[in-house]
Amino acid sequence: MSDEEISTDRLTGRQLKELLALASTDAKVSRNWLLEIGDMEQLEYLLMDLCRGTEQYDGAILRAVCSPYTPVESLMVIKNTAKRLAVEAQGSAQKAAGTLLYHLSVASALAHHARNISSKNPSERLPFYKHLAAELFDDELAVIFEKAIAALASAS
Amino acid sequence: MKLEAAGRKGGGSLAGVDERFPETSWTLLAKARERCDEGVRARELFARRYYRPVREFLLMLVQDAEKAQDLSQEFFAKLSGSGGLLEHASPDKGRFHNFLKQALRNLVIDYHRHGRGERLQTHPDQANNGGWDVLELAEFTAAEAVFHREWVKVTLAEALNRVRSLCLERGQEIHLDLFEKRYLNDANLVPSWDELGTPYGMDQRTARERADTVARHFRFVLRRMLRNEITVPGGARATEAVIDEEIKALLSPLKD
Chain A
0 MSDEEISTDR LTGRQLKELL ALASTDAKVS RNWLLEIGDM EQLEYLLMDL
50 CRGTEQYDGA ILRAVCSPYT PVESLMVIKN TAKRLAVEAQ GSAQKAAGTL
100 LYHLSVASAL AHHARNISSK NPSERLPFYK HLAAELFDDE LAVIFEKAIA
150 ALASAS
Chain B
0 MKLEAAGRKG GGSLAGVDER FPETSWTLLA KARERCDEGV RARELFARRY
50 YRPVREFLLM LVQDAEKAQD LSQEFFAKLS GSGGLLEHAS PDKGRFHNFL
100 KQALRNLVID YHRHGRGERL QTHPDQANNG GWDVLELAEF TAAEAVFHRE
150 WVKVTLAEAL NRVRSLCLER GQEIHLDLFE KRYLNDANLV PSWDELGTPY
200 GMDQRTARER ADTVARHFRF VLRRMLRNEI TVPGGARATE AVIDEEIKAL
250 LSPLKD
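Chains A and B are the protein sequences, given in the same order.
The opening position of the first sequence corresponds to residue 0 in numbering that gives the first Met the number 0, with each subsequent residue numbered one higher.
The opening position of the second sequence corresponds to residue 0 in numbering that gives the first Met the number 0, with each subsequent residue numbered one higher.
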């Protein structure tokens, strides 16, 4: 890897096309939809889309799930809502949004309150949390999983 | 992987994410029209970002490097302010690069109108009914193709360097190296994942997964950049399908 900024000056037409194609939703790549969500804005948009026609979504859930001040009881409500949204979702991206919200609520309870609100042993989720912490685009989302990992490490 | 919560740059604030997306052309243009220090900074940034597409377009038409450079400087000088080249440009009337292209056409027509270009054989007032205003130079098509290619390069470079910063913050230097060697290398033959992974002791699957992480960052950054540039009537958010259309529009005129 070069220390300099990336230059596209010498790229051929074929390479430019390949890069543009990578950004298309038609790209022939395997998709991990949880990671494709990208950031808070995109997640919020997808959650809004999921709730359309059923209930009002004003972004409060997402802000609450990321906040260290949200009580465990509220995180449990969010977890159950997220589970329902994921089950009811039609599209892959929307399903992933519900699923990510679910994992965020469980991780937030671990991270901010050292409480497990899932029936599953949290240590089983450790590799998955490490994956999300490393791969999620948005720091604000990734940091919830980092904190959950740290909480699990200090508990063991 | 960093376990420290505070280890991430930006401390988990949304500002960290927003910094990964450049100012839109429209925002930059609005700032470039201001007469304060920020206006000066915006004009510099604007010129830095679009210099190559502008210069290559003009070079194709005037066929003289020095004249193309002078005209490029003239173009950026005339860009902002009252009566500026993009005075009537507006996000709800079309794509920014189309306004830029039209402004360049106008500059070139003006250049010929004032007799600065010796290459124009026919005087439009004699050849066309509409005179200078409808002048259609044969070279415009080729110049626009060059402009388009350079525009794509500038856009991709902007996205790639945002992704590069993210990878460096995240300690994903190897991921980035694999991505660069796969997608940005000079060789005619694309190396296999096996070849790319070997120096790092990785099998092909791992090498590919690492590069895919960067590809995902890139996809997200570029799509967001394009979304930010598109204005949908009624102020709605551009859908994924609209962004895909925009990508197709960028892709289709490119030649291998």
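Hints listed in this document are in silico derivations from the structure and should not be mistaken for laboratory results.
Treat each hint with caution, since some may be false.
Here chain B is said to cover these stretches of chain A; the calculated rule only asks that three of the stretch's residues, wherever they fall, bring their Cβ under 8 Å from a Cβ of chain B [stated by the list, open to error]:
1) 2-9
2) 75-87
3) 120-127
Computed, partial: chain B to chain A, Cβ under 10 Å [stated by the list, open to error]:
4) Arg34
5) Cys35
6) Lys254
C-beta atoms are modelled at their ideal positions from N, C-alpha and C, and glycine is treated no differently.
These are the hints, each one checked on the structure:
1. With 6 residues having a beta carbon nearer than 8 Å to a beta carbon of chain B, the stretch 2-9 of chain A meets the requirement of three or more and the stated coverage holds.
2. Interface restraint, the stretch 75-87 of chain A with chain B: violated (0 residues with C-beta to C-beta distance below 8 Å; minimum three).
3. Counting residues of the stretch 120-127 of chain A whose C-beta lies closer than 8 Å to any C-beta of chain B gives 0; at least three are required, and the coverage claim is violated.
4. Against a cut-off of 10 Å between C-beta atoms, the interface hint on B/Arg34 is violated, since the closest Cβ of chain A lies about 31 Å away.
5. Given the 10 Å rule on beta carbons, the hint for B/Cys35 is violated: about 28 Å separates it from the nearest Cβ of chain A.
6. About 5 Å separates the beta-carbon of B/Lys254 from the nearest beta-carbon of chain A, less than 10 Å, and the hint is met.
Checked against the numbered hints above, the structure violates hints 2, 3, 4 and 5; every other hint is satisfied.
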